[in-house]
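Using the sequences and the hints, build the whole thing.
Here's the letter readout for the chains.
There are 6 protein chains.
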Amino acid sequence: MIYLTRRERFNAAHRLYRPEWDDEKNLEVFGKCSNPNWHGHNYNLFVTVKGEVNPELGFVVNLKTLGEIIRAEVTEKLDHKNLNTEVDFLSGIIMSTENLAIRIWDQLEPHIKQLGCELHCIKVIETENNFVEFYGH
Amino acid sequence: MIYLTRRERFNAAHRLYRPEWDDEKNLEVFGKCSNPNWHGHNYNLFVTVKGEVNPELGFVVNLKTLGEIIRAEVTEKLDHKNLNTEVDFLSGIIMSTENLAIRIWDQLEPHIKQLGCELHCIKVIETENNFVEFYGH
Amino acid sequence: MIYLTRRERFNAAHRLYRPEWDDEKNLEVFGKCSNPNWHGHNYNLFVTVKGEVNPELGFVVNLKTLGEIIRAEVTEKLDHKNLNTEVDFLSGIIMSTENLAIRIWDQLEPHIKQLGCELHCIKVIETENNFVEFYGH
Amino acid sequence: MIYLTRRERFNAAHRLYRPEWDDEKNLEVFGKCSNPNWHGHNYNLFVTVKGEVNPELGFVVNLKTLGEIIRAEVTEKLDHKNLNTEVDFLSGIIMSTENLAIRIWDQLEPHIKQLGCELHCIKVIETENNFVEFYGH
Amino acid sequence: MIYLTRRERFNAAHRLYRPEWDDEKNLEVFGKCSNPNWHGHNYNLFVTVKGEVNPELGFVVNLKTLGEIIRAEVTEKLDHKNLNTEVDFLSGIIMSTENLAIRIWDQLEPHIKQLGCELHCIKVIETENNFVEFYGH
Amino acid sequence: MIYLTRRERFNAAHRLYRPEWDDEKNLEVFGKCSNPNWHGHNYNLFVTVKGEVNPELGFVVNLKTLGEIIRAEVTEKLDHKNLNTEVDFLSGIIMSTENLAIRIWDQLEPHIKQLGCELHCIKVIETENNFVEFYGH
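Residue numbers (the working numbering), protein chains in the order written: chain A, 89 to 225; chain B, 89 to 225; chain C, 89 to 225; chain D, 89 to 225; chain E, 89 to 225; chain F, 89 to 225.
Keep in mind the hints are simulated off the structure, nothing from the lab.
Fair warning: there could be bad hints in the mix.
A pair holds if it fits inside one copy or across any two, identical chains being indistinguishable in the list.
Here are the simulated lysine to aspartate or glutamate pairs, DMTMM-like style, with alpha carbons at most 25 Å apart [what the hints assert, rightly or not]:
1. Lys-138 to Glu-156
2. Lys-138 to Asp-176
3. Lys-201 to Glu-221
4. Lys-165 to Glu-221
5. Lys-120 to Glu-156
6. Lys-138 to Glu-112
7. Lys-120 to Glu-164
8. Lys-152 to Asp-167
9. Lys-152 to Glu-112
10. Lys-120 to Glu-221
11. Lys-201 to Glu-156
12. Lys-211 to Glu-112
13. Lys-211 to Asp-110
14. Lys-113 to Asp-167
15. Lys-113 to Glu-140
16. Lys-211 to Asp-176
17. Lys-138 to Glu-116
18. Lys-211 to Glu-116
19. Lys-152 to Glu-108
20. Lys-138 to Asp-194
21. Lys-211 to Glu-144
22. Lys-113 to Glu-144
23. Lys-113 to Glu-156
24. Lys-165 to Asp-111
25. Lys-138 to Glu-221
26. Lys-165 to Glu-214
27. Lys-165 to Asp-110
Have a look at this one:
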């Protein structure tokens, strides 16, 4: 068993808030991250898959294919977007890095399985000072 | 003459567009950066000042003071904000990295002068792949 | 279960030595790291906590609170300090990165528990070429 | 139990291909990585060992010794070399990052054991966008 | 006048040598960089252009166009290639980072001019420890 | 004319203070950087030289030689040392990054000249948030 990680990036806007709370309450709980006019980040996404090395090909999975799937299923849908309002697979959640990582897992997992390996970890780096890792449900 | 650089950071939303153009025309010219629903970045700001080394104190300017001024005059006004709609000193411009760097120069320059040194360069890094440097008018 | 990591930094002096050995013996065992006149580092501390996502708030723990606790309990006590002589919770140990990580764990763990989540890992990066990770006793 | 990681680097040439396939077939499967005239990378190698902290010395293993072993057994044999043709312990494999990590594990493991600790992970970073981790057979 | 920089990357093989010298003489002068079996690097290329901010568009030059030109004229011709043998615009030189930067300048400069701005600097980073900057003939 | 930069690193202890002032006065002026028990940093030193490309050899100066000179004349004298008390060429100054850069310039410049090129810039990075550049007297 070996672990292979691919990085992809996306730049997006978001805010943290509960729609049933007013701005004051959201500000109290989520601080400046709740700004109703949005803010944004350069997100770094690290997708780690695990599997056996294919003895004929020398790799777990073709990196080019893996990158294409991550871009097609995830980062092209997030890049230069508003994460709260424009992404179908992110609807109905508080737009935290935690929930973002979990939804990216759900979005990617069936596609990784079809490659003959297993999704191991979704790591989302929001800033140089904080990131989230999700290893599955 | 010696050059001292201080980094400060801010995370913000923006879009590139001309208000007199419709979305289609903006999309044609500015691409995905014109998304009407905003996107965002982790911006890195490098402020370089130049001056003689103060012989009594060993530095051009007190770094703590320099950092406080940059935060008070610039990054606290930009952090977790919408650069297009919420920042007084950024009004009336296309919100490009170039214009952002120029307006940060204009905002900081009088304050740097009062420290007894000279503003040399404003460098704004928008992503790991592009940045702008402005050395004054 | 999801993992959230917060980085904080501190710059400090230290040396590796056993007080009951003379300088020659310390030099033989610890090399230049035993310099009696000290040396120092820019330390990067990564604190990883794990827990369930709070369904109402969307996060494991409020990042702002987590950062405040790490700074109050750890990095403000270490920053611009001599790790061998000035930090109460570091007394009585050889000032290696390993022991530093373990003592930071002991210092932080009760406070993390009170946040309703679990401390998972203390990672201390001493230089770009070496770091230590501790996952608990 | 604590984990200590040491980074060493090497710059090398390689290509991905199966010798029994012609260039066309190799190109189809491995893409531009199969270029018969070679390409290359700045590789970053992170070696993680685990063990108990030696109570007399404060560390799992002497970092200087660990670095010397990694350089003598691995990186000095790989640096400024052609990984496909010049390295004895890399013969007979497709020169993927996966196989490289596994062979580095096999090369290092007996030497780490002699230090009184255990090899935990070999991480090989090929580019800023992909890396491999191997935790043993 | 403002300065805009775009990064592009390429991974390539090369060696330093003079064809009229034998391997021994090349080794004596160029060290391990002269390995006849090649070695390689992850190169980072930073292209800086300067110009006035276009008042209608807010930028010196469209970053997307700039990136496309750099990739079409330079990095796609270098990526996963052998710099000594496979690149037309690199023929007849010792394949040092200095000569590489100069030839990239010559290759890009006419195309930058057609964009209505000026090429200012070609920076080529070969490793984390060395890079070259060329500002023109 | 082309510019070549070499990075070397050193980890050291220091403090900012004037010996004729008491600790209270030093604290008032220099803040926590004046801690009498020292603190320290991982310093990054970037040495930039300029010159013509040697047409026979393809480089401005042999990087290996340049690195050896920087290590012999500067970083080996600073690494794992107390900058205030242990380094002959740093005596009699306030140990600021500015003064450190100037003294490194003075220390290196005659040796660079003997290589047939010119010292262009000494850049000293003290933390990820501040650095100093000196281009000569």
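- Task: List in ascending order the numbers of the hints, as given earlier, that are violated by the structure.
- Result: 2, 6, 12, 13, 18
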